Amino acid sequence: MISTLWRRTSGTLGTVLLCLGTLTFVLPFLFTVVTSLRTAADVARSPLGFPHSLTLHNFTEAFGQIHYGRSALNTLLITGLSCLSITVIGSLASYPLARITQNWSTWVYRLFILGTSVPIFVVVAPLYLLMRDLNLLDSYAGVVIIYTAINLPVAVFFYTSFVRSIPVDLEEAAALDGCGALRTFFTIILPLLRPITSTLLTFVALQVWNDLLVPLVFLQDPDKRTVMVNAYSFIDPHTVQPTTLFPAALLGVLPLLLIFVFLQRHVVAGMSAGAVKS
Amino acid sequence: MFHRRRATMAAFLLPAIVIYGAFMLYPLARGVYLSMTDSLGGPIANFVGTEQYRAMADDPKVTAALWHTVLYAAVVVVAQNGLGLLFASLLFRRPKVRKTLSVVLLTPTLVSPVMAAFIWSYLFAPEGGINALLGVLGLDSLQHVWLGDTSTALYAVAAVNVWMFAGYSCAIFLAGYMSVPTDLLDAAAVDGASGWQRFRSVEWPMLAPALTVNVTLSLIGSLKVFEFPLVLTNGGPAGATDTLTMLVYRNVFGGGKFAFGIAVSVLLLVTVVVLSSATSSLLRLRERRI
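Just so you know, the sequences run in chain order A and B. Going by our numbering, the first residue of the first sequence is number 1, and it counts up by one from there. Going by our numbering, the first residue of the second sequence is number 1, and it counts up by one from there.
Since the hints were made in silico from the structure, they are not lab data. Treat the numbers as computed from the prediction; the structure is a model and nothing was measured. Where is the CB? At the ideal position from N, CA and C, for every residue including glycine. Heads up, some of the hints might be wrong.
[What the hints assert, rightly or not] Derived CB-CB ranges, DEER-like:
1. B:P60 with A:L111: 34 to 42 Å
2. A:V16 with B:A57: 53 to 61 Å
3. B:K99 with A:T24: 18 to 26 Å
4. B:S151 with A:T24: 23 to 31 Å
5. A:R70 with B:Q197: 58 to 66 Å
6. A:L176 with B:S281: 15 to 23 Å
7. B:Q197 with A:L76: 46 to 54 Å
8. B:L285 with A:L111: 20 to 28 Å
9. A:G64 with B:L86: 57 to 65 Å
10. B:R288 with A:S3: 34 to 42 Å
11. B:P60 with A:R70: 28 to 36 Å
12. A:A44 with B:Q197: 32 to 40 Å
13. B:Q197 with A:T55: 25 to 33 Å
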């Protein structure tokens, strides 16, 4: 009786402590949100104190400073096109890689997987020369191609292991009914790929939206710059007040947070994908 | 019939092979070649063999950057996975709050590295959040210029990395926990095993695959860190947070030492490939033995 009571109390206590621990962990984030809603004078008076009045002024200020409207649209366009091209090209490639069991296809697969451990820094300089020669510097197309190339290894890895887990019976039946490879892919395989596609999409969208290096190097035209590049080049964190710094940081993640609210189940699944199976 | 089918199927690979080959494999090969030239990025380049590599070996900045990169990765891998594992094992025992808290822990992961660096550059500032907090707690003696001191800067930058991705490690460990058969845990509970005993002899071995994934991912991720040192310290103070990626960026896009920068990037590639394949094969060997 007493031991049950003791266990229950210590269990509740543990849960409370765990909640507090989690809270401490995300405290910098909450602090960012609260501070960006305060006035500069208020923050200067007591950086950690409770806000006396809330204002959206900091956000409108940061909005103009990092040219948010234009750069958010640019980032959205680049992220959307990259996601589309990675999923289409990646899923198409995974079908033969999963189904054709021959020496050459194993090698092609390995070549793709190799790419998962190649840091972009290793190819960035030669890629710059290549893009310059192809006249693709300063173009959305160039950036989308680069994102496609560097994310294809992950897409191929995700899709191929997923297609391998789909039984071949359905496809054989379709083949006997006279379905070609193309039709089999579109009517049978593609619809089955939906869950892994949303997982992959959240992964890729996070990568592309948050990336600094590729747009910094390959997009010089101010009109084409992304949110991260503008935030990086217009705001120096060492001289700037938190009331300018924090709203800028929040504006950078706002669209992702909104998407996350709708897709959180897939995001969590996507982030932990592969851990159980491997 | 099946022959033609297979040919069509193989054709599906074409777009992927073209893009991956032209924009990943070709630049990779060209980079290795350029690292053996005196290229400045223009059309003229002479083959100079291992000259850039010899210059690299003689350059204390490169040796220091290599050491910073490896040390940074070691700190991040240990701290991030330790924290992730701690949160995951505590959350696993509390199914009621598990889902909500694991989602909350993931929010820093959504913040981009640039934005996380913005937030923490204020928190680490001399008059910033952490020192103010220490002041409020009466721990003034611990106040510090975190990013301005050569002895703490690299660890401060690593802490931001850990903060951002510990929730991610936690999510992967939790997924690993979900694959532990419940009857195994029940049996251990019936046998009267304590919480620590259950963790040590049942959960920890079952988490081996999750550990392999987590360590490999965090190792590769931290070896190629760029945005954190760039935004937080720009390599300073006195080069204390200069990593290999920072050297690549600075030499290739501004230093006029194009080929040298590419040679540093090849060093980065070798470091990543050697360390990550050694670690993951060791961990897989361990998985099999358990």
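Requested in this report: May I ask you to test the hint 57 to 65 Å on the CB atoms belonging to A:G64 and B:L86?
Outcome: Once the Cβ atoms are compared, 43 Å apart, the range 57 to 65 Å for B:L86 and A:G64 is violated.
**Report entry** Pairwise beta carbon distance, B:L285 to A:L111, judged against the given window 20 to 28 Å
**Finding:** holds (25 Å)
Requested in this report: For the range 46 to 54 Å, tell me whether the beta carbons of B:Q197 and A:L76 fit it or not.
Outcome: holds (52 Å)
Query raised in the report: Could one say that the CB atoms of A:L176 and B:S281 fall in the range 15 to 23 Å?
Result: violated (43 Å)
Requested in this report: State, for the Cβ atoms of A:A44 and B:Q197, whether the hinted interval 32 to 40 Å holds or is violated.
Outcome: violated (53 Å)
Query raised in the report: In this structure, is the beta-carbon distance linking B:R288 and A:S3 contained in 34 to 42 Å?
Result: holds (41 Å)
Query - B:Q197 paired with A:T55, Cβ distance criterion 25 to 33 Å - result: violated (55 Å)
Query raised in the report: Do the Cβ positions of A:V16 and B:A57 conform to the proposed distance bound of 53 to 61 Å?
Result: 56 Å Cβ-Cβ, so the 53 to 61 Å window holds.
Query raised in the report: Measuring from beta carbon to beta carbon, are B:K99 and A:T24 in 18 to 26 Å?
Result: holds (20 Å)
Query raised in the report: Is 23 to 31 Å a correct range for the gap between the Cβ atoms of B:S151 and A:T24?
Result: Holds - the Cβ-Cβ distance for B:S151 and A:T24, about 25 Å, lies within 23 to 31 Å.
Query raised in the report: So does A:R70 sit 58 to 66 Å from B:Q197, Cβ to Cβ?
Result: holds (59 Å)
Query raised in the report: Could one say that the CB atoms of B:P60 and A:R70 fall in the range 28 to 36 Å?
Result: 44 Å Cβ-Cβ, so the 28 to 36 Å window is violated.
Of the hints listed earlier, those the structure fails to meet are numbers 6, 9, 11, 12 and 13, in rising order.
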